[in-house]
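Q: Here is what each chain is made of, one letter per residue.
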Amino acid sequence: MAKLGVSIGELKMKNPVMTASGTFGYGEEYSDFIDLARIGGITVKGTTLHERKGNVYPRMAETPSGMLNAVGLQNKGVDYFANTIYPRIKDIDTNIIVNVSGSTIEDYVRTAEIINELDKIPAIELNISCPNVKQGGMAFGVTAKGAAEVVKAVRSAYKKTLIVKLSPNVTDVTEIARAAEESGADSVSLINTILGMAIHADTRRPVLSTVTGGLSGPAVKPVALRMVWQVFNSVKIPVVGLGGIMNWRDAIEFILAGASAIQIGTANFIDPAVTVKVVTGINDYLEKYKIDSVSELVGALEVY
Amino acid sequence: MKKCLLDLTVKENIKLNDTNVLLKLTSQTMLPDMFPGQFAEIRVDGSPTTFLRRPISINYVNKELNEVWFLVQMVGDGTKQLAHAKEGDIMNVILPLGNSFTIPESISEKLLLVGGGVGTAPMLFLGEQLSRKGFKPTFLLGAGVRKGLLQLDNFAAYGEVYTTTEDGSYGEKGYVTQHPVLNSIHFDRIYTCGPKPMMMAVAKYARSNNIWCEVSLENTMACGIGACLCCVENTIEGHICVCTEGPVFNMNKLLWLS
Chain A
132 MAKLGVSIGE LKMKNPVMTA SGTFGYGEEY SDFIDLARIG GITVKGTTLH ERKGNVYPRM
192 AETPSGMLNA VGLQNKGVDY FANTIYPRIK DIDTNIIVNV SGSTIEDYVR TAEIINELDK
252 IPAIELNISC PNVKQGGMAF GVTAKGAAEV VKAVRSAYKK TLIVKLSPNV TDVTEIARAA
312 EESGADSVSL INTILGMAIH ADTRRPVLST VTGGLSGPAV KPVALRMVWQ VFNSVKIPVV
372 GLGGIMNWRD AIEFILAGAS AIQIGTANFI DPAVTVKVVT GINDYLEKYK IDSVSELVGA
432 LEVY
Chain B
29 MKKCLLDLTV KENIKLNDTN VLLKLTSQTM LPDMFPGQFA EIRVDGSPTT FLRRPISINY
89 VNKELNEVWF LVQMVGDGTK QLAHAKEGDI MNVILPLGNS FTIPESISEK LLLVGGGVGT
149 APMLFLGEQL SRKGFKPTFL LGAGVRKGLL QLDNFAAYGE VYTTTEDGSY GEKGYVTQHP
209 VLNSIHFDRI YTCGPKPMMM AVAKYARSNN IWCEVSLENT MACGIGACLC CVENTIEGHI
269 CVCTEGPVFN MNKLLWLS
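Protein chains in written order, with our numbering: chain A, 132 to 435; chain B, 29 to 286.
Each hint should be verified, as a subset may be incorrect.
No more than 27 Å apart at the CA atoms, straight line, and that leaves these computed lysine-lysine pairs for DSSO-like [what the hints assert, rightly or not]:
| no. | chain 1 | residue 1 | chain 2 | residue 2 |
| --- | --- | --- | --- | --- |
| 1 | B | Lys-30 | A | Lys-207 |
| 2 | A | Lys-184 | B | Lys-281 |
| 3 | A | Lys-221 | A | Lys-134 |
| 4 | B | Lys-43 | B | Lys-91 |
| 5 | B | Lys-232 | B | Lys-281 |
| 6 | B | Lys-30 | B | Lys-138 |
| 7 | B | Lys-138 | B | Lys-232 |
| 8 | B | Lys-30 | A | Lys-408 |
| 9 | A | Lys-184 | B | Lys-224 |
| 10 | B | Lys-30 | A | Lys-221 |
| 11 | A | Lys-290 | A | Lys-251 |
| 12 | B | Lys-224 | B | Lys-175 |
| 13 | A | Lys-291 | A | Lys-134 |
| 14 | A | Lys-207 | B | Lys-138 |
| 15 | A | Lys-419 | A | Lys-143 |
| 16 | A | Lys-367 | A | Lys-290 |
| 17 | A | Lys-145 | A | Lys-408 |
| 18 | B | Lys-175 | B | Lys-114 |
Partial list, computed: chain A residues near chain B (C-beta under 8 Å) [unchecked claim]:
| no. | residue |
| --- | --- |
| 19 | Phe-155 |
| 20 | Gly-156 |
| 21 | Glu-160 |
| 22 | Phe-164 |
| 23 | Leu-167 |
| 24 | Val-187 |
| 25 | Pro-189 |
| 26 | Met-191 |
| 27 | Glu-193 |
| 28 | Gly-197 |
| 29 | Asn-200 |
| 30 | Val-202 |
| 31 | Gly-348 |
| 32 | Ala-404 |
If you are wondering where the hints come from, they were derived from the structure by calculation, not from laboratory data.
A virtual CB, placed ideally from N, CA and C, is assigned to each residue, including glycine.
Next comes chain A alone, as it looks inside the complex:
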C-alpha cells in the first residue's frame, strides 16, 4: 500500500479523493453502494443561512459528455443542517466538509460561524462561484476585490480549514486565486461549473427554466486541468482539483497538474461507486511506478 494520505491546511485526509458539492447529497444517498469511510472527504450540498427552494423545473439538460444543471442551491438552511442532518452523518469515518454559499457577506459569515461550532466538520468550502443563483454566489467570485472581501470576512469568523471554490467563468482565474490566498484561504478548489446553455430546436425554447446553467462532466475536463495548472503555479496554498474526473486516470492527471486532492462530482451519477474505484486506481498507479507517496506527484508534470 502506497501512502495516500494528504493534507489541505490542517485538514488531514486518508486519501486525496473527495466528492464534489451538489453531486453527493449528504453522503447517505451513496451508502448502499460504497463504504463511505474509504473516501478522503465528502463535500456536502451547498448550504445557505436560510432555506432556499432552488430554481423551478426543468433544472437539468444532458449534453454530449456532460450535463448542465440549474438547481439553484436548494437546501433547508444551515440550522436544519446543524440540527437534523449533522447528527446523522457526523460519525461517518471521513472528513465531512460543508459547502457554504450566500447572497451577502453577512450571510456567508453567519453560516460559517454556525458550521464552526460543529465539532466533526473540519473544513468548509466557500462557494463564491455558483452560476445558478441571481444574487451573490458567483458575483463574489468573478472579481479579485469581491473574492477578497468575502474570504477576509469569513476567515475572521471561521477557525478551521477554509477552502475557497473558484469559478471558471473569469478572464484570469489566477488573479482570484491569489486574492483568496492573500485573504487567508487555506486552499482553493476549482473548477465550479462553466456557464452554458441548451436549446430545444423543436420547441424553440431553452431546456433549462433559468435559460443558462452550469456545465459539468468530462466536457469541462481540459478547461479544469488548464486552470488547476495555472493556479498551482500562482499560489502557495494547496489546490483541490475538480472538473470532469471520471476515473483514476483523470484523477492522476489533475494531481500532476498541481492538485493536492481531487473531487469527483458528476461521475457519481453514472457510477455511484466511482469514488472508491478511483482510490484503488490511484494506489495501483503509485505501486506500479514505485512512488512512495501521492504527494510526490503533486504538480510533477514534466513540461517540454
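Dock chain B against chain A, hints included.
A: The following block gives chain B in isolation, referenced to the frame of chain A:
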C-alpha cells in the same frame, strides 16, 4: 430499501413495434425485492452522445425465473442504444429506485389502471401484483394508433382490458378519459402513468368524481438516488425529488389542478 448496483444479462430483446422493445434481463445473483411503480437507472454504453443513465420503469418481475422486464421506447440516442441490446449483453443497472403504488387493504375495492403509450409499463407489474393479492383490476390503455398499444395479452391475464386509440384503429376512438367504461363502473381508485397531458386529464377526471388517484411522474433526472436535486416536482411540500419521494404521487400532493 437497499439499492443495488448490478450487472444484468440480457436474456431476450423482443421488438414490440417500430419504436418499442421489451428487454428481459436476468442476474447471476438473486434480484432484490421490487414493487410496482419503482424504476431502474440503466447505464448506456457505446453512445457517444449519451452521458447519463436512463430511468426506466420496472415492467414486470418474474421471481421464479429471476427476471426483470423493461419496456424501452426509442426516443433519443440513449434509448436507441439500449433498445439494440442483444442476448447475452451486460447492462449495468441501479435498482430498485423510488417509491411504489399504494396497494389498498380491501380487495373489494374497484381499481382502474390507466396507461398511455409506453407509460403502460408499470401498470403490468401493478396489475399482476394486485391480481396475485386477490384484486380484480381493470385496465384502460390508450395509444395514438393500434400498434402503440403494448402487451395487451399480458394485461388480459390479470383483469378486464379496455383500450382507446386516437385514430380509432383499435378499441374506442379518442382519449382514455373519453372511454365509456368510466361511466359504467364506479371506481374507488385510479392509478395512472403516461404522457403528462393524459395524466393531467385523468387526475382532473378523478378529482371531479371524487376518486382517489395516484400518478407516476417521469421528470428528467440525473442521479436517480436523491443526490443531484435535478428532477424536482413542485408540490404542496415544495420542491421534492421525483426519484426518491416519487415517482408515484397522490394527485392531491401535486399542484397540477390548483
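Q: Please list, smallest to largest, the hint numbers that this structure does not respect.
A: 6, 14 and 23
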